[in-house]
Amino acid sequence: MELHDVWFVLIAVLWTGYFFLEGFDFGVGILTKLLARDRTEKRVLINTIGPVWDGNEVWLLTAGGATFAAFPEWYATLFSGFYLPLLIILVTLIVRGVAFEYRAKRPEEHWQRNWETAIFWTSLIPAFLWGVAFGNIVRGVKIDRNFEYVGNFWDLLNVYSILGGLVTLTLFTFHGAVFVGLKTVGDIRERSRKLALQVGLATAVLALVFLIWTQIDSGDGASLGALIVAVLALVGALAMVNAGREGWAFILSGLTIIAAVAMLFLSLFPDVMPSSLNADWSLTVTNASSSQYTLKIMTWCAVIATPIVLLYQSWTYWVFRKRIGTHHIAVDASH
Amino acid sequence: MELALAPETMARWQFGIITVYHFFFVPLTISLAALVAGLQTAWVRTEKQKYLRATKFWGKLFLINIAMGVVTGIVQEFQFGMNWSAYSRFVGDIFGAPLAFEALLAFFFESTFIGLWIFGWDKLPKKLHLACIWMVSIGTMLSAYFILAANSWMQHPVGYRINKAKGRAELTDFWHVLTQNTALAQVFHTLTAAFLTGGAFMVGIAAIHLARKRHVAVMKTSLRLGLVTVVIAGLLTAISGDTLGKVMFKQQPMKMAAAEALWDGQDSAPFSIFAYGDVSKGHNSVELSIPGILSFLANDDFNSYVPGINDTNKAEQEKYGPGDYRPIIPVTFWAFRWMIGFGMASFVIGIVGLWLTRKKFMLPQHLRVGEDEAPHLVLFKNKALGPKLSKWGWRIAIWTLAFPLIANSWGWIFTEMGRQPWVVYGVLQTRYGVSPTVSQGEVITSLTVYSLLYAILAVIEVKLLAKYVKAGPPELTEADLNPPTRIGGDSGDADKPMAFSY
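Protein chains in written order, with numbering that gives the first Met the number 0: chain A, 0 to 334; chain B, 0 to 501.
So that you can see chain A by itself, here it is in the shape it has in the complex (with noise of 0.2 Å):
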């Protein structure tokens, strides 16, 4: 395996972080207005994420500083040919921070309901997003022989890529969904778990289709494997949620997510950013990345921070492990 295969694996489990960790704090954005129902509710599912949601975001900037460093060609072409549709993330994830920030810094309700709304679809439309860019990233896009992306805006939403949008925004609601199962306590709690099953059977049906549809386009034998273990894993979080097994559901529902990232990358290489126009064009692990100088620094910092970085997050999880009520909530609001 060479420096720039592991770097290929290493990208993958920077995104597989993201989605899992970012995964489960969007879907609890997203039951804010599916799940809760009243004020005291909404706090409550706020707060099951209000410690962490920061420290998930990183993984997506550490994706991309990585992707920059060991890809740079990768980089470039991913960013400035997705420009719009990540101009509208960019923005949304800026307006969730700053709603989680200071949705609760002042009292009035229009303040705060304000902020609510902005954490529902600031949570909904990456979520989909993300989707929608893997899509477009796995099935390939015009991109000309200098690796500059040549297509438009509206040629990143197709069908395959509308639904890959579409099983991201369930499979992370689902995911939220689960969590919110685990991290709280009450009423809220019974109901995420009817909700989960919903989400999670719609999920299913569109897991299936587009994650089929993508082995027949650009699968082999391992993105095979992944796409079983990752239906596998949707069923059995399935059956634990049915059964009220919250950590196992969790657990599965999070190797749903882990299996399916893992089946776009593997159907993805030795590709980065396959071109749609002509095979030679594309974009792989060989020509896209940068010097074996470069990918050799890069790794012992991976090799030695990464370990590091997931101590300290796990820890941050023990530290607020308790499950969280509507009656840890204080009444006054303000803060």
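Please note that the accuracy of each hint is not assured.
[Stated by the list, open to error] Using 27 Å as the maximum straight-line C-alpha spacing, the simulated DSSO-like pairs for lysine-lysine come out as follows:
hint, chain 1, residue 1, chain 2, residue 2
1, B, K165, A, K295
2, B, K125, B, K495
3, B, K165, A, K141
4, B, K212, B, K55
5, A, K321, B, K55
6, B, K495, B, K55
7, B, K163, A, K295
8, B, K126, A, K321
9, B, K47, B, K125
10, B, K495, A, K321
11, A, K321, B, K125
12, B, K318, B, K163
13, B, K47, B, K469
14, A, K32, A, K321
15, B, K55, B, K462
16, B, K382, B, K212
Simulated from the structure, these hints should not be mistaken for laboratory data. Quick caveat: nothing in here was measured; it's all calculated off a predicted structure.
Assemble chain B onto chain A, guided by the hints.
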């Protein structure tokens, strides 16, 4: 009109706007994290309540601020690829690494421990909770270091070679990139300026309350901490600025000639404090200049020779081929002065403030005040300033909170505009760095969207800051004074409301 709307111009405007905006929050975040950590340390060590109240008060303002810093930072990570894809392809092998290091080593640190600090008051034992804010502080500085090392490479590329076959620059010595004198000087200058900013922020806000004799105990401590920070950081900013200037005179003579609008090289080159006229035409109608100073800034020698804009332009033409290698002179000229002027103004105000509010030194008994009394402003030995002068004293102290913020912005505008037409000095020109496939419409869209969004957020942020400034330091609760002894919170507290919730 055509030129104004060239994709490169639009992309540069966008980069400038979102980066200067981002950099309002960055220095405040860096310095306030450390200052809040210092206050919290004082609380843990002395158990004096005023320190905890100060921690909570400044901590709140810090959080309102860091939220904006974090979200506006997201764009930074992606905009190189979005608007500067040709640049990214060319330098990614070098420039990407410090960015990835920053994310992996600093961002994770910052954002994980900030969550622990915000929500950890009733979940973590006192000392562990304190450690979290120190971790945040270390994270902010690490982050500054890596991104400045990256920027320094654009100012003065080292440790690389050009791979002609691949048409890109490649890293050959990462350690050199991280430790070259440009990077060290920039880090030194930026961090000291950050503390000048945070110190002035504290001084200004403490002055708001002290002028009205409110929240005296907490605000007096804050004023003192702010003033001391301003004076120390101000001095170090001047020293580090001088160091960086000397480095720049060697590495980018054009930038420094442009800083002075020195057209032709000369011995004993002057520094003009003020110039009026058309600096872009190379002469000033009114000018107040001190001979020899520029020579001194460049070479530690009042009589030394400093090359001018025309000489340097010619030298660069010989080296890099025909073209115009001059930045926009009026911008660099004035940006340089506003940077120094505003930065040093707050430094001077800090020194004067420290003297005016001195506790005991050369202060007669009747002008010394107790713990809960606002200080008199005493200029001469035996007499406090009259009500009118005092009012002005406090007013200027309040204004000073904006000065370093202005100075920082002009500092960045100076250093980035002064490097033009290069994006990587001597290696790649800015116009060749822009994304070739991003259309004018797309850039106009994003520029408009960011500008509107940032303007709205600025209003929201400033109003929120004003609200919490006005509210003053919070009263302490039972829970504040009885932090948990176990990680995750004491078992008896399981059903209590959270000390902090969103």
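Status of the hints after comparison with the structure:
1. For the given pair, K165(B) sits about 19 Å from K295(A) by alpha-carbon distance, which is consistent with the 27 Å threshold.
2. Of the pairs offered as hints, the one joining K125(B) and K495(B) holds, with about 19 Å between alpha carbons and a cut-off of 27 Å not exceeded.
3. With a C-alpha separation of about 22 Å, the suggested pair K165(B) and K141(A) falls inside the 27 Å cut-off, and the hint holds.
4. Note on K212(B) and K55(B): the hinted pairing holds, with a Cα-Cα distance of about 20 Å set against a maximum of 27 Å.
5. Among the hinted pairs, K321(A) with K55(B) is consistent with the structure: their alpha-carbon atoms are about 24 Å apart, no more than 27 Å.
6. Proximity of K495(B) to K55(B) is assessed by CA-CA distance (about 21 Å); at most 27 Å being required, the pair is judged to hold.
7. For the hint linking K163(B) to K295(A), the alpha-carbon distance of about 21 Å falls within 27 Å, and the restraint holds.
8. Note on K126(B) and K321(A): the hinted pairing holds, with a Cα-Cα distance of about 21 Å set against a maximum of 27 Å.
9. This hinted pair checks out: K47(B) and K125(B) have alpha carbons roughly 14 Å apart, not beyond 27 Å.
10. A C-alpha spacing of about 12 Å is found between K495(B) and K321(A), which places the hinted pair at or below 27 Å, so the restraint holds.
11. Taking the CA atoms of K321(A) and K125(B), the gap is near 19 Å; set against the 27 Å cutoff, the hint holds.
12. At most 27 Å may separate the alpha-carbon atoms for a hinted pair to count; K318(B) and K163(B) meet this at roughly 19 Å.
13. Between the alpha carbons of K47(B) and K469(B) the distance comes to roughly 23 Å, so the proposed pair stays at or under 27 Å and holds.
14. For a cut-off of 27 Å, the pair hint linking K32(A) to K321(A) stands: about 23 Å separates their Cα positions.
15. A C-alpha spacing of about 19 Å is found between K55(B) and K462(B), which places the hinted pair at or below 27 Å, so the restraint holds.
16. Note on K382(B) and K212(B): the hinted pairing holds, with a Cα-Cα distance of about 19 Å set against a maximum of 27 Å.
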